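Protein chains in written order, with the numbering used here: chain A, 5 to 270; chain B, 5 to 270; chain C, 5 to 270; chain D, 5 to 270.
You can't tell identical chains apart in this list, so a pair holds if it fits in one copy or across any two.
Result set (DSS-like, lysine-lysine): computed pairs, CA atoms no more than 27 Å apart in a straight line:
1) Lys221 to Lys81
2) Lys142 to Lys237
3) Lys221 to Lys189
4) Lys65 to Lys159
5) Lys65 to Lys189
6) Lys74 to Lys189
In short, the hints are calculated from the structure, not lab data. These numbers were taken from a predicted model, which means no experiment stands behind them.
There are 4 protein chains.
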Amino acid sequence: MKETMIYLLERPNLRDPVFVEGLPGIGLVGKLAADHLIQELNAVKFAELYSPHFMHQVLIKKNSVVELMKNEFYYWKNPNEKGRDLIIITGDQQVPPTDSPGHYEVVGKMLDFVQEFGVREIITMGGYQVPELQGEPKVLAAVTHEGLIEHYKAKLEGCQVEVIWREDEGGAIVGAAGLLLGMGKLRSMYGISLLGESLGYIVDPKAAKVVLSAVTKILGIEINMSALDERAKETEEILRKVQEMQRAMLEQSMPPQQEEEDRGYL
Amino acid sequence: MKETMIYLLERPNLRDPVFVEGLPGIGLVGKLAADHLIQELNAVKFAELYSPHFMHQVLIKKNSVVELMKNEFYYWKNPNEKGRDLIIITGDQQVPPTDSPGHYEVVGKMLDFVQEFGVREIITMGGYQVPELQGEPKVLAAVTHEGLIEHYKAKLEGCQVEVIWREDEGGAIVGAAGLLLGMGKLRSMYGISLLGESLGYIVDPKAAKVVLSAVTKILGIEINMSALDERAKETEEILRKVQEMQRAMLEQSMPPQQEEEDRGYL
Amino acid sequence: MKETMIYLLERPNLRDPVFVEGLPGIGLVGKLAADHLIQELNAVKFAELYSPHFMHQVLIKKNSVVELMKNEFYYWKNPNEKGRDLIIITGDQQVPPTDSPGHYEVVGKMLDFVQEFGVREIITMGGYQVPELQGEPKVLAAVTHEGLIEHYKAKLEGCQVEVIWREDEGGAIVGAAGLLLGMGKLRSMYGISLLGESLGYIVDPKAAKVVLSAVTKILGIEINMSALDERAKETEEILRKVQEMQRAMLEQSMPPQQEEEDRGYL
Amino acid sequence: MKETMIYLLERPNLRDPVFVEGLPGIGLVGKLAADHLIQELNAVKFAELYSPHFMHQVLIKKNSVVELMKNEFYYWKNPNEKGRDLIIITGDQQVPPTDSPGHYEVVGKMLDFVQEFGVREIITMGGYQVPELQGEPKVLAAVTHEGLIEHYKAKLEGCQVEVIWREDEGGAIVGAAGLLLGMGKLRSMYGISLLGESLGYIVDPKAAKVVLSAVTKILGIEINMSALDERAKETEEILRKVQEMQRAMLEQSMPPQQEEEDRGYL
Chain A
5 MKETMIYLLE
15 RPNLRDPVFV
25 EGLPGIGLVG
35 KLAADHLIQE
45 LNAVKFAELY
55 SPHFMHQVLI
65 KKNSVVELMK
75 NEFYYWKNPN
85 EKGRDLIIIT
95 GDQQVPPTDS
105 PGHYEVVGKM
115 LDFVQEFGVR
125 EIITMGGYQV
135 PELQGEPKVL
145 AAVTHEGLIE
155 HYKAKLEGCQ
165 VEVIWREDEG
175 GAIVGAAGLL
185 LGMGKLRSMY
195 GISLLGESLG
205 YIVDPKAAKV
215 VLSAVTKILG
225 IEINMSALDE
235 RAKETEEILR
245 KVQEMQRAML
255 EQSMPPQQEE
265 EDRGYL
Chain B
5 MKETMIYLLE
15 RPNLRDPVFV
25 EGLPGIGLVG
35 KLAADHLIQE
45 LNAVKFAELY
55 SPHFMHQVLI
65 KKNSVVELMK
75 NEFYYWKNPN
85 EKGRDLIIIT
95 GDQQVPPTDS
105 PGHYEVVGKM
115 LDFVQEFGVR
125 EIITMGGYQV
135 PELQGEPKVL
145 AAVTHEGLIE
155 HYKAKLEGCQ
165 VEVIWREDEG
175 GAIVGAAGLL
185 LGMGKLRSMY
195 GISLLGESLG
205 YIVDPKAAKV
215 VLSAVTKILG
225 IEINMSALDE
235 RAKETEEILR
245 KVQEMQRAML
255 EQSMPPQQEE
265 EDRGYL
Chain C
5 MKETMIYLLE
15 RPNLRDPVFV
25 EGLPGIGLVG
35 KLAADHLIQE
45 LNAVKFAELY
55 SPHFMHQVLI
65 KKNSVVELMK
75 NEFYYWKNPN
85 EKGRDLIIIT
95 GDQQVPPTDS
105 PGHYEVVGKM
115 LDFVQEFGVR
125 EIITMGGYQV
135 PELQGEPKVL
145 AAVTHEGLIE
155 HYKAKLEGCQ
165 VEVIWREDEG
175 GAIVGAAGLL
185 LGMGKLRSMY
195 GISLLGESLG
205 YIVDPKAAKV
215 VLSAVTKILG
225 IEINMSALDE
235 RAKETEEILR
245 KVQEMQRAML
255 EQSMPPQQEE
265 EDRGYL
Chain D
5 MKETMIYLLE
15 RPNLRDPVFV
25 EGLPGIGLVG
35 KLAADHLIQE
45 LNAVKFAELY
55 SPHFMHQVLI
65 KKNSVVELMK
75 NEFYYWKNPN
85 EKGRDLIIIT
95 GDQQVPPTDS
105 PGHYEVVGKM
115 LDFVQEFGVR
125 EIITMGGYQV
135 PELQGEPKVL
145 AAVTHEGLIE
155 HYKAKLEGCQ
165 VEVIWREDEG
175 GAIVGAAGLL
185 LGMGKLRSMY
195 GISLLGESLG
205 YIVDPKAAKV
215 VLSAVTKILG
225 IEINMSALDE
235 RAKETEEILR
245 KVQEMQRAML
255 EQSMPPQQEE
265 EDRGYL
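In isolation and in its complexed conformation, chain A is listed as follows (with noise of 0.2 Å):
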């Protein structure tokens, strides 16, 4: 296997599909959202993404059945007929950050397979590290033209999540939330990358959570939250006891402000 690698299970007839990302990063968040999305839609995998820039290895999988590492593509029928389909993309892992060419090559079949299909809008999820989170996790947007900000905000609105547009220049986003709409930008396609602020450093359904309300607020589709709920309580317990030890250590020897610039989101 030289090249990445799309393998077709099923060929769906969608219309008007959005492409949905959501692959492991900073705190799992594009992952763990993309996975419940397609749960609780019951969304159907159709395609296979095996690529030579993956690890080189085969995970042991549930009795002992072994598979490669993968990238998987699902759709969703909207049952509104007026209503737009989706694509959704999970996967195992995302070329390390060792390997920019990789990284390209992958993101570019992406874009050539869900081009098949008739994508133009690419929405990406993922995390956006924070040294420290204030209250509920906000989201941060960032679109691929300034045209479609009022475009999105309008969307938006009644969200329940606080999502920031920042005006001024500065940071990056790493990895395919960021290259798919790089990318994307450059065959026409258009779209926005929303990224939940998270520690980083844990598997964080509630920065999944925030992420997934705006995503489902801009598709205008509704889904049952409860089981993300439920796994992020679990993970709130956790940061809690995490916090009370860091701001323990912090009283002790370091001062309280922390530098927050160049810092690559994900």
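Once you have looked at the hints, place chains B, C and D on chain A.
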């Protein structure tokens, strides 16, 4: 040389051959097993694989003769007219762990090659790192398809070696032992990986023996293990000393329990 | 995306254009010089270069708009009918130093591209790291062919900046500033590299100014340096403080002389 | 530039040429030997090899002229009408050790190239790192085919230098000195590698001299070694001082014996 290349020395006519892999990895388990199998069966070398992804060096062999790093294919004609023949691969090295695309390329070429000889079934051999051995080393099994578990269990009946079939998800098989199954599966091949428990930091003929016992049981052949037994005895002596040292160290400074999760097998 | 790609926005008709390069490197000297030149000349962007060898990320620009990492080509039409036009390249980054083949690929594409517009002469700009600055920063010059030295010396006559021409062999010019000349030479192009002395660890508009003074002298054009002067003054203030700290440290613990050989320029 | 390229400056007509390699490596032994051979024979440069796998930089040569990193091919027409001609390669660098595929590509291109001129025999030169030198440095020999040992031993008869032929397996020849033989062997070429004992951490003309003595003996030519002798004397002086320091340090803190196994040669 820009690509992995296979030099064919002879084109044997093989009857439904099983492909058995044993390349260097944890405890050299796979390679020891493959080399012993080749020696005992008097298998015949018929092809050599060279790759630009191997180390950029030649090895100095006996009598100052140099040879490129390589993997070697052997075949064995089953004297039983109804039995299946074998293709066995062994070699100097695997692609270094920093070069995932190289691994995928090399394993892809191996599969291309054995497919020409009609291979449908693959058995991979390797080590499975554990922090401490209790009694005889066990063998971890993993298969390409869930439907194969009963098939292999039936073949393994009566095998003196304890074979473990994990039900829960977890862990990975790194390198050729994993990729051959994962990538073979995409070509409608099937098979099993058999990994012997090993401390990993020592050449481990004992683990190789238990793996080979399981493999020969599956293949329905019998081979003399005495050479491997002898090397195993020597190693056991070394292991005993190492373990004594470890225990002495552990008693002094560390808690006896160690983290066993998320380890990779090879 | 498997290869470096250049997107053409406009196809200008250029008269014997000189290709001027200024990409990020030591002290950001080259990029500052190129950006200032573009701004003062009101040069027009006409092409963008994207590469899988750049970081796998998008930058978040003003108003939450994302953009792939890129380099940008600008052109300037010389109002003097007998004068030569310019192509200027600037950008977000160079290929990381761990990826030499990526550097060669990107620079090769740049040369392919500018050759289409008739470029024969190349001027590259960058920083040249020194342990301490004495007086005004000097500019190190290096050329593609020995016969050019007198040519450029004549053009530089009257330039306020001290330009150094080393007679002895030694040192290297790392990255695009070097490769453009070295690879251009293989295509019968010619040119000069002008590297401003810089401490390197600080954004250095003062070094950019001396480089740009030499470059504009060679090009026979005049531009307003006041914006660069202003940034240089700010930096000088910072530099003074840094140098005071350094001197204080040196007096305490280190010999005043430092090894200057075998440093790379960029 | 996506691939290693060779620029031909002249197409000489060569009689059964022997290909002699001497590129930078341990103690610069191979390069010193090749450069000296070229100089004494007045060999003529006829081709340059450039590679995207070399460092992404230009070297600043005499009089501020830049040149891409390169390897150079020289030829020598044997004045003896029945004698064989030579192709000699030297250069600025080898591919960095982190890029094995780059090594294979470059060496493959070298072999493609010299094959066009009818090369069948290859002699590679390099250093062979030892922890301490005892008396004159010896030369380690290794060949492509066992049948060649007597052939080369006969040619080396009367050579003042002690040539070692190891009977036991072990060690490796890293880089072009090894790959040229290993890869040449796959093309029905044959040859020998001659590696001079060297401490490795110092430019070592003395080791270059013993290697070159053996090589010229094999080639049946005689060259003046005085320039190399002179550099060797200077180095010997330095070596004496280094060794005195080492002995002083060893006496204080380390056991005199060192591990010699598993070292790589270059």
